[in-house]
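> Next come the chains, spelled out residue by residue.
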Amino acid sequence: MAEQGKKKPLVQVEGLKRHFQVGGGKTLKAVDDVSFEIYPGETFGLVGESGCGKSTLGRTLIRLYDATDGKVLFDGEDVHGTKSKTELKALTRRIQMIFQDPYASLNQRMNVEDIIAEGMDAHGLAKNRAERTKRVVELLETVGLNAEHAKRFPHEFSGGQRQRIGIARALAVDPDFIIADEPISALDVSIQAQVVNLLQKLQRERGLTYLFIAHDLSMVKHISDRIGVMYLGGMVELATSDDLFEEPLHPYTQALLTAIPIPDPRLERERKRQLLQGDLPSPIDPPSGCRFRTRCPFATEHCKNKAPEWREVRPNHWVACHLYGSESDRAAMKA
Amino acid sequence: MSQSLLEVRDLAVAFRTYIGEVQAVRGVSFDLNKGETLAIVGESGSGKSVTSKSIMRLLAKNAKIRSGEIRFEGENLAAASERRMQSIRGSEISMIFQDPMTSLNPTMTVGKQIIEVLKKHRKLGGAEALAKAAELLGLVGIPSPEKRVKQYPHQLSGGMRQRVVIAMALACSPKILIADEPTTALDVTIQAQILDLMKRIQEETGTSIILITHDLGVVAESAARVAVMYAGIIVETGTVDELFYEAKHPYTWGLLASMPKLHEKTSELTAIPGTPPDLMFPPVGCPFAARCPHAMEVCVAKMPDYTAHSDTHSAACWLQDPRAQKAAAATGASLGGER
Ligand SMILES: Nc1ncnc2c1ncn2[C@@H]1O[C@H](COP(=O)(O)OP(=O)(O)OP(=O)(O)O)[C@@H](O)[C@H]1O
Ligand SMILES: Nc1ncnc2c1ncn2[C@@H]1O[C@H](COP(=O)(O)OP(=O)(O)OP(=O)(O)O)[C@@H](O)[C@H]1O
Ligand SMILES: [Mg+2]
Ligand SMILES: [Mg+2]
Numbered sequence: 001m002a003e004q005g006k007k008k009p010l011v012q013v014e015g016l017k018r019h020f021q022v023g024g025g026k027t028l029k030a031v032d033d034v035s036f037e038i039y040p041g042e043t044f045g046l047v048g049e050s051g052c053g054k055s056t057l058g059r060t061l062i063r064l065y066d067a068t069d070g071k072v073l074f075d076g077e078d079v080h081g082t083k084s085k086t087e088l089k090a091l092t093r094r095i096q097m098i099f100q101d102p103y104a105s106l107n108q109r110m111n112v113e114d115i116i117a118e119g120m121d122a123h124g125l126a127k128n129r130a131e132r133t134k135r136v137v138e139l140l141e142t143v144g145l146n147a148e149h150a151k152r153f154p155h156e157f158s159g160g161q162r163q164r165i166g167i168a169r170a171l172a173v174d175p176d177f178i179i180a181d182e183p184i185s186a187l188d189v190s191i192q193a194q195v196v197n198l199l200q201k202l203q204r205e206r207g208l209t210y211l212f213i214a215h216d217l218s219m220v221k222h223i224s225d226r227i228g229v230m231y232l233g234g235m236v237e238l239a240t241s242d243d244l245f246e247e248p249l250h251p252y253t254q255a256l257l258t259a260i261p262i263p264d265p266r267l268e269r270e271r272k273r274q275l276l277q278g279d280l281p282s283p284i285d286p287p288s289g290c291r292f293r294t295r296c297p298f299a300t301e302h303c304k305n306k307a308p309e310w311r312e313v314r315p316n317h318w319v320a321c322h323l324y325g326s327e328s329d330r331a332a333m334k335a
Numbered sequence: 001m002s003q004s005l006l007e008v009r010d011l012a013v014a015f016r017t018y019i020g021e022v023q024a025v026r027g028v029s030f031d032l033n034k035g036e037t038l039a040i041v042g043e044s045g046s047g048k049s050v051t052s053k054s055i056m057r058l059l060a061k062n063a064k065i066r067s068g069e070i071r072f073e074g075e076n077l078a079a080a081s082e083r084r085m086q087s088i089r090g091s092e093i094s095m096i097f098q099d100p101m102t103s104l105n106p107t108m109t110v111g112k113q114i115i116e117v118l119k120k121h122r123k124l125g126g127a128e129a130l131a132k133a134a135e136l137l138g139l140v141g142i143p144s145p146e147k148r149v150k151q152y153p154h155q156l157s158g159g160m161r162q163r164v165v166i167a168m169a170l171a172c173s174p175k176i177l178i179a180d181e182p183t184t185a186l187d188v189t190i191q192a193q194i195l196d197l198m199k200r201i202q203e204e205t206g207t208s209i210i211l212i213t214h215d216l217g218v219v220a221e222s223a224a225r226v227a228v229m230y231a232g233i234i235v236e237t238g239t240v241d242e243l244f245y246e247a248k249h250p251y252t253w254g255l256l257a258s259m260p261k262l263h264e265k266t267s268e269l270t271a272i273p274g275t276p277p278d279l280m281f282p283p284v285g286c287p288f289a290a291r292c293p294h295a296m297e298v299c300v301a302k303m304p305d306y307t308a309h310s311d312t313h314s315a316a317c318w319l320q321d322p323r324a325q326k327a328a329a330a331t332g333a334s335l336g337g338e339r
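Listed in order, the protein sequences are those of chains U and D. Per full-length UniProt numbering, residue 1 is the first one in the first sequence, and the count goes up by one each step. Per full-length UniProt numbering, residue 1 is the first one in the second sequence, and the count goes up by one each step.
Simulated from the structure, these hints should not be mistaken for lab results. Each residue gets a CB set at the ideal place from its N, CA and C atoms; glycine is no exception. Treat each hint with caution, since some may be false.
As the list claims (entries may be wrong) - Listed next, the in silico DSS-like pairs over lysine-lysine satisfying Cα-Cα at most 30 angstroms (straight line):
id : chain 1 : residue 1 : chain 2 : residue 2
1  : U       : K272      : D       : K261
2  : D       : K53       : D       : K123
3  : D       : K34       : U       : K272
4  : U       : K8        : D       : K123
5  : U       : K26       : D       : K53
6  : U       : K26       : D       : K147
7  : D       : K123      : U       : K7
8  : D       : K261      : U       : K201
Said to hold, decoys possible - Covered by chain U, per the in silico footprint, the following chain D stretches (three or more residues, Cβ under 8 angstroms):
id : segment
9  : 169-175
10 : 188-198
11 : 238-244
Stated by the list, open to error - Residues from chain D shown here face chain U by an in silico Cβ test under 7 angstroms; the list is partial:
id : residue
12 : S44
13 : S52
14 : M56
15 : G217
16 : L262
17 : A271
For reference, chain U alone in the conformation it holds in the complex (with noise of 0.2 angstroms):
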């Protein structure tokens, strides 16, 4: 994505916050003060530790959470801005998602054909019958289905045409964006690349545009164009797919990348690897300064007083972290 500078995004995100009230006055900062665009036809990987908000910031993009801060303008319309019904519907019929449990997210005493077809009556989509009929039919042709699935229901079918069958619920609208939430998790190795592989050609056929939320890293680099790391509600670095994996600059993303076990025992053999100290802080408690700290092998006492800005270190290179900061900054680590 050379040309993303000139190119108007889909989606920008502005300082987004999404807290909750938790037990005891005590508030969860799930996604706090998050920045970032994705572009038309692209697809923006998501990855982080289970809980450092992923999720959250997903289902906050589509409103399914209220922001408590912050902005989300879908093709340069405010999201969270008070709406009509119709402007709602309007907007939700654009976004659509897939949600990771293939199992919970279908509705189990639903036929095949009125679960992906509940989109398209809420808004109205088809004139009649037949022509319900006729695009649930395309619609399961299109993910590798066919017509005699229609009258069955989710129970008697297996996790990856399960994965399917959310997947032509969430395309029957004619979305714009996607976002997939862990869509792949639950399957198996031999699962997911039917799965990946039908999400990437229905890209090209339809230019849709992605949000990949994933834990596999392997995977979101092979689907994503950029990729974006979080840690404990915060995004740390943001790059396009191949510098993230080169070049990692974040101290978490050079660790997160040298513990992902590489299928090829010969370069096993001669990895060395990185471990991080430590477990996950609490996102209820997080370290003051910069939350990475408290794991961070290069911290000094500048992180723990001062959080570190998201500065974009090179062209489309994002990072949050005083390594790469300010003058003044790289200068405080140093004494």
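Assemble chain D with the ligands onto chain U, guided by the hints.
Just chain D with the ligands, lined up with the frame of chain U:
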């Protein structure tokens, strides 16, 4: 070759359910050598957990070991009494599960839980057991173990809990440690710590490990040998190098090809079409035949035997069978059995 500690021979396990019988494990044989790590990989539902629970004799009530032997230091565990198994479990052979909470008692401090194990199998008591519990927590890399022994499971993070479970499993220096997806619920950075820990412990204690995982990266990092399971059968087994660089079974090829390569740019992943067979009605032939791009008539009709490719490497596939090879050579046909 080192000596084998455990020999599983032709193990078959079935589950009775209200709609029929599930043939979960259908004739599995493998050896575990002293001090080695054997990984078992394969599709979800292929029988990895059932195989390992059979060794521990921890199968559900509706399960039955239909045939086979599980020889541990010469003794057939498949026929051992429940009493005998109780003295083996946790002391000679221990198991770690994917979700550490299933192995921990939420109402008891972690120290107390480790002490229970020590009391039961090693007749340690009082201050001695408490000191040993703290020592074990230190061994698995838990900081300030004297404080942690007094905490309850819910006061620990997921990674910490899994360390406690490992400490419990190691309390009696077992000869075999079975780890069923021990890091699947954890993040990669914590996973790396746990795998590193298991490796270190193995070096120090010489424990043999059976590591069940679906992550081929974890296999490459941790195991010496691998068994690949599909539909209740081991379809291929070999050293990690044989498996990753000289695989012979089309399912193994498919598994390796369907993973994205970190260091190569591939525009499309090679998916294996279709899904595994229903083990209520297992196919008579090769269970992978329906998804196999190289399947021949014989594959559907008859289960192939194992063909040995080295002392450590064998695969159950008609493509490699000397008889099929001969027939192909005679007719000038190509078996297509190359990756
Ligand atoms: N509705 C809620 N109320 C209170 N806390 C919440 C709520 N939803 C999420 N959280 C907390 O917010 C943090 C971020 O959770 P989130 O589900 O976004 O993480 P994630 O990155 O998606 O993790 P995973 O990889 O495990 O899915 C966690 O600490 C979680 O416990
Ligand atoms: N208690 C049970 N009753 C009936 N069938 C069972 C029972 N436990 C397991 N099975 C069946 O036995 C087969 C093998 O299951 P097993 O748990 O060994 O799979 P696995 O290889 O460990 O899979 P996964 O990777 O998903 O953990 C599956 O078809 C499963 O449905
Ligand atoms: Mg999530
Ligand atoms: Mg299992």
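> Hint by hint, where does the structure go against what was stated? Just the numbers, ascending.
4, 5, 7, 9, 13, 14
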